[in-house]
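Protein chains: 2
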Amino acid sequence: MSERVKYLLGEDRIPKAWYNLVADLPKPPPPPLHPATGKPIGPDDLAPIFPQAVIAQEVSTERWIEIPEPVREIYKLWRPSPLIRARGLEKALDTPAKIFFKYEGVSPAGSHKPNTSVAQAFYNKEEGVKRLATETGAGQWGSSLAFAGSLFGLEVEVYMVKVSYGQKPYRRALMETYGARCIASPSPLTAAGRAILEKSPDSSGSLGIAISEAVEVAAGRDDTKYALGSVLNHVLLHQTVIGEEAMLQMADAGVDPDVVIGCAGGGSNFAGIAFPYIREKLAGRSHARIVAVEPTSCPTMTQGRYAYDYGDTGHLTPLVKMHTLGASFVPPGFHAGGLRYHGMAPLVSHVLELGLIEPRAYAQTACFEAAVQLARTEGIVPAPESSHAVRAAIDEALRCKAEGKSETILFCLSGHGHFDMQAYTDYFAGKLKDVPFDRAALDRALLELPVVDEN
Amino acid sequence: MSERVKYLLGEDRIPKAWYNLVADLPKPPPPPLHPATGKPIGPDDLAPIFPQAVIAQEVSTERWIEIPEPVREIYKLWRPSPLIRARGLEKALDTPAKIFFKYEGVSPAGSHKPNTSVAQAFYNKEEGVKRLATETGAGQWGSSLAFAGSLFGLEVEVYMVKVSYGQKPYRRALMETYGARCIASPSPLTAAGRAILEKSPDSSGSLGIAISEAVEVAAGRDDTKYALGSVLNHVLLHQTVIGEEAMLQMADAGVDPDVVIGCAGGGSNFAGIAFPYIREKLAGRSHARIVAVEPTSCPTMTQGRYAYDYGDTGHLTPLVKMHTLGASFVPPGFHAGGLRYHGMAPLVSHVLELGLIEPRAYAQTACFEAAVQLARTEGIVPAPESSHAVRAAIDEALRCKAEGKSETILFCLSGHGHFDMQAYTDYFAGKLKDVPFDRAALDRALLELPVVDEN
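If you're matching them up, the sequences are chains A and B in order.
Take 1 as the starting number for the first sequence in my numbering and just add one per residue.
Take 1001 as the starting number for the second sequence in my numbering and just add one per residue.
What the hints contain is simulated information worked out from the structure, not anything from laboratory work.
Keep in mind that the hints are not guaranteed to be accurate.
Said to hold, decoys possible - Simulated crosslink set (SDA-like; lysine to any residue; CA at most 25 Å straight-line): (1) A:130 <-> B:1428; (2) B:1006 <-> B:1152; (3) B:1016 <-> A:76; (4) A:91 <-> B:1303; (5) B:1027 <-> B:1406; (6) B:1006 <-> A:72; (7) A:130 <-> B:1093; (8) B:1125 <-> B:1027; (9) A:6 <-> B:1093; (10) B:1006 <-> A:13; (11) B:1401 <-> B:1428; (12) A:76 <-> B:1067; (13) B:1098 <-> B:1406; (14) A:76 <-> B:1254; (15) A:76 <-> B:1013.
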């Protein structure tokens, strides 16, 4: 029993504050712009859809933002999450590298998403909101908000992309178990939905349409607000508990990472593990390389343009400066639904521009291969999204082996794959293909980027 | 942060030995009998299908059996499992009772089953076995043995009841992710399977048939053994880590249980939480009532007869004395597949006869109602089997409320329901019915019990 596997922390070591990277950046991130005026937006522009406390966090430049006590109380249900030394994987790879992962799949909804859904539900409840509306694709975010809503007595209405609503009935069942209402989008309940259904009664929906429906519901009712699961600053902020805890646990393990890895779709779990380490790098206290992993099918950071763009296909959101494939770019179907977003979080894009992180892209079959290797050595079946971080960690460990270096690798395993077993079935049946990236489609989508005067 | 939610233990506090209740019983349990001779069976009778170390544990009267170091090393992947104070549930019930649950769903396969699958895989590997054959119904056991096999480099062949093979493709995908081969039973690979298929090409299979196939494969090949997931003494033994850890954690919490609850199908998770407490009761160190919960659709303890019976429908196994509905009794279809067994573990049956435990039966809709209440207050979606324990814990807490007593309730939450969401979908759709127990069918099945001279 000499070698430890899990590094656990007591509940008293759940962080007392979220970390806001904006406070420490050498250069502030470009502001979001109003789509009509092209001028920076103010808090009032967001008031119809977000509670005041969330808006204040979105624009805050404070370094530390206190985590309210009731949020920390709920975090106790699964936090601090474990840091695990992947000894079985190390042995299978025969690598001199030490591999650690921070496992966020222990949350009730099975991913890192409740770190922010609980916070958002709390602030909404505090401000008298009765109901939250949101969209979901694969269902990770919808089920996380449903969970948070159940604890605070908030009604939750989830607009789920119709094709996923049909394909993923068990994610929907999970939302309903938590008491949420799950609606196939486009729906007849909103003007946005009805407009689509009139033109295309058989529309299979899209995240863009579902966002429009949820925002419309939130904007149209005083008792209802909107909640978003990634991309925006306040969401990334709430996820920093991941990195703050990991840092304490790595210290308990007596190691300091040489490489920190996270998968990145909207950017929230990546920011969660990475931003605290970026702070340490900026302060000269860490030398870690920080790697953000995306799919080759939706390569915002490695193939996209850093430009102002809309967050949704319907062009209802503010313009934000980010690495984008263009709001009209439609990524091919693949199994990591949580990584199928045309843009990257503005704050993640900003640190990429500043040279503080390394982007990397992988095709999905290579990621499933890594996921299966993790399952057979560590027991955990990763979510397809998280498998991108696993792939990068394995490749770094193999590089260490080739170079004879015993580096320390830390990655975020953002969620489990219990609701994604169809993807594994397809993988074993040889049905998953790596679709070559459609450069021409990207070029077309980039031509449609809005023209913005940045001066 | 004053009130703790989780009681965790360091890896150094994983038990060093399994506890064998047989050593402390006031009266030894009746021996298993050879089906042909009616005489007590000896170790040699079991040698074709089990490794020697497992057979020795099956008949052992030693109080403590050391857990091999490599097994404890693997236990570290998820053990010690957390003990959780269900403060959210207590609040929702407005009860003065304290409710604690030991959560076994944190294991890689999502239930308590790996506590024994890892041990069984270890002993087989030690004795040079290359391949394990087993049966599975709903898939909990098959995926747990698949996980254990992947860690020890053993091939695993799982005969899965054909109707479940079709209905639960994701449990099958989980087994395949762990590298196991999953075969729909009846299959053309065994004589037992072929015999059924000749008569009934469309047979949907049964646990009895699947057992016959797996035992045939194990008995017929020198490099292959059989592994069982419940019922037998050695399986119950391996599960005692649950209760031993819980006892340490309850001490950390400064409480002693007044009621200890587990669901019981074959009896293994129940024995795991209960047997250490039965030891304490017998020694006068605990006053806890110990409650075993079964489904009203398959009520072995509350409606069955305590008699010698076969473990399988094919009458290939030894005769064991247990509470049984008769090996030919076919329980109606319901969603807690893990509780659909015609008998109860002989050792659990024995302590029931000795008056050391209280049996209780619940209908499934009442259990799903309890499961949903747990999900909405504690975040965890229970397996349908485990929901029986949740129902009993809630009822005990409501009794405490009615009586104004602040008792301490401990239950085992044996697994999560991530692979059982169809059951929740059916529940919300109002499709689950509580079928009245068929007393006449029981009477018919009991008429077929073998005649055994017990003197």
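So, going through the hints one by one against the coordinates:
1. Distance hint between residue 130 of chain A and residue 1428 of chain B is fulfilled; the C-alpha atoms sit about 23 Å from each other, no more than 25 Å.
2. As the CA atoms of residue 1006 of chain B and residue 1152 of chain B are separated by approximately 31 Å, the hinted pair breaks the 25 Å bound.
3. Straight-line distance between C-alpha atoms of residue 1016 of chain B and residue 76 of chain A comes to about 29 Å, which puts the hinted pair past the 25 Å bound.
4. A threshold of 25 Å between alpha carbons decides the hint, and for residue 91 of chain A with residue 1303 of chain B the separation of about 51 Å lies outside it, so the pair is violated.
5. For the hint pairing residue 1027 of chain B with residue 1406 of chain B, the CA-to-CA distance comes to about 35 Å; that exceeds 25 Å, so the pair is violated.
6. This hinted pair checks out: residue 1006 of chain B and residue 72 of chain A have alpha carbons roughly 13 Å apart, not beyond 25 Å.
7. For the hint pairing residue 130 of chain A with residue 1093 of chain B, the CA-to-CA distance comes to about 23 Å; that is within 25 Å, so the pair holds.
8. Of the supplied pair hints, the one linking residue 1125 of chain B and residue 1027 of chain B is violated, its CA atoms being roughly 35 Å apart against a limit of 25 Å.
9. Between residue 6 of chain A and residue 1093 of chain B the CA atoms are separated by roughly 34 Å; this puts the pair beyond 25 Å, and the hint is violated.
10. Our distance criterion of 25 Å between C-alpha atoms is met by residue 1006 of chain B and residue 13 of chain A, whose separation comes to about 13 Å.
11. For a cut-off of 25 Å, the pair hint linking residue 1401 of chain B to residue 1428 of chain B is broken: about 28 Å separates their Cα positions.
12. With a CA separation close to 31 Å, the supplied pair residue 76 of chain A and residue 1067 of chain B exceeds the 25 Å bound.
13. Proposed proximity of residue 1098 of chain B and residue 1406 of chain B is supported: the alpha carbons are some 7 Å apart, at most 25 Å.
14. Pair hint residue 76 of chain A plus residue 1254 of chain B holds up; C-alpha atoms about 19 Å apart against a cutoff of 25 Å.
15. In summary, the hint linking residue 76 of chain A to residue 1013 of chain B is supported, as the alpha carbons are separated by about 22 Å, within the 25 Å threshold.
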